[in-house]
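J.: Since the structure of chain C is already known, use the hints to place chain H on it.
Number of protein chains: 2
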Amino acid sequence: MRKLINAPADVVSDALRGLAAAHPSLRVDPGAGTVVRADAPRRGKVALVSGGGSGHEPLHAGFVGYGMLDGACPGEVFTSPVPDQVIAATMAVSGGAGVLYVVKNYTGDVLNFRMAAELAEDEDIEAVSVVVDDDVAVEDSTFTAGRRGTGATLFVEKIAGALAEEGAPLDAVAAVAREVNERSRSFGVALSPVTVPAAGAPTFQLGDDEMELGIGIHGEPGRERVKIATAAEIVDAALTAIDADMPLAGSELLVLVNGMGGTPLIEQYVAYAAAAEWLDGHGATVARPLVGPFVTSLEMAGCMVSVCRLTPELTRLWDAPVETPALRWGR
Amino acid sequence: MRKLINAPADVVSDALRGLAAAHPSLRVDPGAGTVVRADAPRRGKVALVSGGGSGHEPLHAGFVGYGMLDGACPGEVFTSPVPDQVIAATMAVSGGAGVLYVVKNYTGDVLNFRMAAELAEDEDIEAVSVVVDDDVAVEDSTFTAGRRGTGATLFVEKIAGALAEEGAPLDAVAAVAREVNERSRSFGVALSPVTVPAAGAPTFQLGDDEMELGIGIHGEPGRERVKIATAAEIVDAALTAIDADMPLAGSELLVLVNGMGGTPLIEQYVAYAAAAEWLDGHGATVARPLVGPFVTSLEMAGCMVSVCRLTPELTRLWDAPVETPALRWGR
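Line by line, the protein sequences give chains C and H. In terms of UniProt numbering, the first sequence opens at residue 1 and continues consecutively. In terms of UniProt numbering, the second sequence opens at residue 1 and continues consecutively.
Looking at chain C on its own, in the form it has when it is part of the complex (with noise of 0.2 Å):
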């Protein structure tokens, strides 16, 4: 494997070491497999947490800070974390206003939550769970009922980690959630697949002159695999997904063109320019874009298109200062 780890059972703690080294304003407990803010618990904040397996750094740990996630979660790659972790990280931030969990949609993920929330109940803390299922690219697929959670859970924890920063209560932080999940959409495609360390070979094979349009950021399965297309007609599918699914024309939106994490960001700008060209020759308008491998998986060279439509109210909560290792401005 052409991998810079030292061996396939450590690559999630040995990150952790690294990003505990590299971040003081993260406390990170690698036994208990958690990553905090520094300053937690913040007394009468709604905390946020989320997680899901490792492998699509920098979410979810990369974006622990002021103004996004109180705590996160890692399970081993692509796997989903134990609710053991979910309860460790909840009662290490929970500040007494409740906690949200941000949660993609995969079954693992979902169900580990749920009983987290259980265990989080009998500690007298209210945890209640937001569940992102963006990508438009399948209705089922391998490790999902509904659809997959992608780039969107970016969306989500920002904007509704901007409202927890702000004091709203946890009723009013899940509903921003929920709305920012039904007002995204994404569609990602995969120019090369990605192994998993543990498994030492490829989760799909892919000619080299092809792709696989609609993939899902496990390697699993999307629409059809294609040859390989240029960037505006990638940008093109994946955006004529997401128009077809809820329709783009006249919105305010904001836009992420995210690498996948083998792809270099000149690409990435080449997709964006794509992607913007498009937005404009169809009527909507990019009020707030976004390009950089946020929501990555592992070494998979390709990218996804998300965009979610803005309100003004949506707009001000982005724009609203944040502080994490992977997402800044502001403040």
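These aren't lab readings, by the way, just hints derived from the structure by calculation. This structure is a prediction, so every number in the text was calculated from the model and none was measured. Do not rely on the hints blindly, as some may be mistaken.
What the hints assert, rightly or not - Cβ pair distances, simulated, as ranges: (1) C:Ala198 - H:Gly44: 53 to 63 Å; (2) H:Asp209 - C:Asp84: 33 to 43 Å; (3) H:Ala32 - C:Met115: 56 to 66 Å; (4) H:Glu224 - C:Thr285: 35 to 45 Å; (5) C:Met115 - H:Glu166: 49 to 59 Å; (6) C:Met1 - H:Asp280: 25 to 35 Å; (7) H:Gly167 - C:Asp84: 47 to 57 Å.
Each residue gets a CB set at the ideal place from its N, CA and C atoms; glycine is no exception.
T.: Same frame as chain C, but now just chain H:
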């Protein structure tokens, strides 16, 4: 090619269109091949201009903004910018206090920036070049007389940019840029080759179980080709080479563990953990860590370790506010 592009000849211009669309804080002139701060020129401020071949994003255009560069000149992929680009950027950012060119030590870059400085003189603009040559891997290389300029370019641009933002004169800004370069060293390792779009084939071949120690950022040969090792062994090779050239014990360090473009962030944190432990075990202190893909080589897998021996003044300037697409804090 598994690349997210439209046509090999259009990669740089397409990416510049994307950069312009994504970042209103930048003024991109695709015809001139320049990227400058939207608020340029700043009267009375020393302006910083850098540039070099494309394919190393976010270097340099992603570092244009408050507290860092005033302008960047992206050449074609792995190709020096021409003097016309450099002088166009110079004219666009000159605020009457002189211009500092931050030049990576590649023969074409050094020559073209020198020619631009002569053109600037004709326009009554004082332009001074500082050449960055931090890479300890090889003494001369394919594109270089002397050492290559790699990861420390980021340090030079950030620290000199901070001093310029404070209103320091050109000689002081140039002096601190030279000081940072002299106190910095880098060493890179490639786990995969890299394909220049216009060439369509990898710049070199690596066996499935091989890596190249001491690689440059264009896939130039390094010191030796060996079997792929663990992250700890790779980091040990890099830091041992650096330490042999510039002893690190007793130093307060700025440390960059830099992803080369195709290595996911989780692996960069695995490498950073190893670097932090190596330095701790060798009597050096990491005062300022940075982890991420900042000085890349297209889709190359691997990492580079860069260090700078800080002084209190260099630390102060590193910590000063910066607001660019790729580096942002504290304002």
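J.: Take the hints in turn and mark each one as holding or not.
T.: Right, here's what the structure says about each hint:
1. C:Ala198 - H:Gly44: 53 to 63 Å: holds, 58 Å
2. H:Asp209 - C:Asp84: 33 to 43 Å: Holds - the Cβ-Cβ distance for Asp209 (chain H) and Asp84 (chain C), about 38 Å, lies within 33 to 43 Å.
3. H:Ala32 - C:Met115: 56 to 66 Å: This hint holds: roughly 59 Å between Cβ atoms.
4. H:Glu224 - C:Thr285: 35 to 45 Å: Because 53 Å falls outside the window, the suggested range is violated.
5. C:Met115 - H:Glu166: 49 to 59 Å: At roughly 54 Å between Cβ atoms, Glu166 (chain H) and Met115 (chain C) fall inside 49 to 59 Å, so the hint holds.
6. C:Met1 - H:Asp280: 25 to 35 Å: holds, 28 Å
7. H:Gly167 - C:Asp84: 47 to 57 Å: holds, 55 Å
In summary, the structure is inconsistent with hint 4 from the numbered list given earlier, while agreeing with all the others.
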